[in-house]
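Positions in the sequence shown are counted from 1; adding 508 to them yields this note's numbering.
These are computed hints drawn from the structure, not numbers from a lab. For every residue, glycine included, the Cβ atom is placed at its ideal position computed from N, Cα and C. Among these hints, one or two may not hold up.
Computed cross-link-like contacts, DSSO-like style, restricted to lysine-lysine with a CA-CA straight-line distance of at most 30 Å [to be verified]:
| no. | residue 1 | residue 2 |
| --- | --- | --- |
| 1 | K580 | K514 |
| 2 | K514 | K602 |
| 3 | K653 | K602 |
Restraint ranges, calculated between C-beta atoms of paired labels, are given here [claimed, not checked]:
| no. | residue 1 | residue 2 | range |
| --- | --- | --- | --- |
| 4 | K542 | M509 | 32 to 42 Å |
| 5 | P648 | Q579 | 32 to 42 Å |
| 6 | Y656 | P633 | 31 to 41 Å |
| 7 | K524 | V645 | 33 to 43 Å |
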Amino acid sequence: MDNSIKSLKHHFNSNKDKVRFVALLSPNCGWCMKGAEAIRETVLDAYPNGDISVSIVWIDMLQGDNLELAQKHAPILNDFHVTHFYDADHLLGKSIAGILGGDGEIVWDIYLFYDKNTEWNAKPPLPTTYMHQLGPVYHPWIDQKHYYCGQDL
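I would like the entire structure built from these sequences, with the hints used as guidance.
Set out below in structure tokens:
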């Protein structure tokens, strides 16, 4: 599991002929694990031959999150479409929060979709669309019209 955001950027740009899906998940978060199951069912199982590149970024957000736990949960999304990354320093979490209007915040439990030919330059591109499970009480800065939780995800 690569812990370089530069590697993620390279992977993203080298697959620009495909639709890209990026998820930031905490390995110790029950809702994130529900999100991983939703990815498995609605993306991977539903489109086994789909022209898609999936990047799962495990991010340390909760007590007990670490690389070992991320590696333990990664097989939930073991598929040839999927590449796993690790963001212990919240670099991607901060960058994505910044482009979504949360400067200084860290985003996680978020699911981002990108069209073909979208390119990542100096900072991550705006997603075509996205969903998250971040409620308004602790995350008032993120657009709640993209909030989907549990089975709605």
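**Request:** Hint by hint, work out which the structure violates, then give me just those numbers in ascending order.
**Result:** Violated hints: 4, 6; rest satisfied.
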